[in-house]
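For the protein sequence lines, the chains are E and H, in the order given.
Using numbering that gives the first Met the number 0, the letters of the first sequence correspond one by one to residues 0 to 118.
Using numbering that gives the first Met the number 0, the letters of the second sequence correspond one by one to residues 0 to 118.
Calculated from the structure, these hints are not laboratory results.
Treat the hints loosely; a few may be bogus.
[Said to hold, decoys possible] Once the Cα atoms are required to be at most 30 Å apart in a straight line, the calculated BS3-like pairs of lysine-lysine come out as:
#1 H:K88 x E:K108
#2 E:K90 x H:K88
#3 H:K108 x E:K58
#4 E:K93 x H:K63
#5 E:K40 x H:K88
#6 H:K108 x E:K90
#7 E:K63 x H:K118
#8 H:K90 x H:K40
#9 E:K63 x H:K90
#10 H:K63 x H:K93
#11 H:K118 x E:K40
#12 E:K58 x H:K118
These figures come from a predicted structure and were not determined experimentally.
Each chain, written out:
Protein chains: 2
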Amino acid sequence: MTLTTYDIYAKKEVIAMENESEQNMGTNEVKMENIVYIGRKPTMNYVLAVVTQFNNGMKEVTIKARGNSISRAVDVKEIVVNRFLPDLKEKSIKTSSEELTNEDGTRSKVSAIQIVLMK
Amino acid sequence: MTLTTYDIYAKKEVIAMENESEQNMGTNEVKMENIVYIGRKPTMNYVLAVVTQFNNGMKEVTIKARGNSISRAVDVKEIVVNRFLPDLKEKSIKTSSEELTNEDGTRSKVSAIQIVLMK
Numbered sequence: 000m001t002l003t004t005y006d007i008y009a010k011k012e013v014i015a016m017e018n019e020s021e022q023n024m025g026t027n028e029v030k031m032e033n034i035v036y037i038g039r040k041p042t043m044n045y046v047l048a049v050v051t052q053f054n055n056g057m058k059e060v061t062i063k064a065r066g067n068s069i070s071r072a073v074d075v076k077e078i079v080v081n082r083f084l085p086d087l088k089e090k091s092i093k094t095s096s097e098e099l100t101n102e103d104g105t106r107s108k109v110s111a112i113q114i115v116l117m118k
Numbered sequence: 000m001t002l003t004t005y006d007i008y009a010k011k012e013v014i015a016m017e018n019e020s021e022q023n024m025g026t027n028e029v030k031m032e033n034i035v036y037i038g039r040k041p042t043m044n045y046v047l048a049v050v051t052q053f054n055n056g057m058k059e060v061t062i063k064a065r066g067n068s069i070s071r072a073v074d075v076k077e078i079v080v081n082r083f084l085p086d087l088k089e090k091s092i093k094t095s096s097e098e099l100t101n102e103d104g105t106r107s108k109v110s111a112i113q114i115v116l117m118k
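So here's chain E without its partners, still in its complex pose (with noise of 0.2 Å):
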């Protein structure tokens, strides 16, 4: 694994969770998923999307995100605990690895994070 290919298909997955994500949201009432996938858009747009969960009646939150998104998935969780709403709970953070198949084949492994917060 050369830290090309892992960049290369980290950047794929963060479409493909992007795509997800705006799923997630439209379709939010009807699966009852508080997931919100972490991506390369300005952090703001995740913390509103959490925030907006969270007003909504959702008691749980999940926060997740792979690869250099990890980094502005704590950032989506500080800035939503500190600034906007403070009386929220940390129930986990856990990490884990997850192993993606690339076009030529080959697996690459990249680290993932899932922050879970509640009212």
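Since the structure of chain E is provided, determine the placement of chain H on it from the hints.
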């Protein structure tokens, strides 16, 4: 706080942290400080630093990072646990916000992570 100043200061801090990290590694046996600060060097440098600490008899090692290095800190933890020392336990993962004073006197916030691994 604009994203630009944030980035500039994150970069400055990282350089400071790398120096600090090198000092810690050099004087480790004297100070018994088992903290590995993650900067912008290759991930495997930090992986080796953590593995070495455990091999030198440390029962607990703390991985710390700020700003954009947070993603690398998670990579380090995942590689150490999955590839080198599978018996390690994750004692805690905490995130926080730290405030830095810029050269012009304004203050910027930067996210930080602290991962504690134990035997």
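_Hint compliance check: list the failing hint numbers for this structure, sorted ascending._
5, 11, 12
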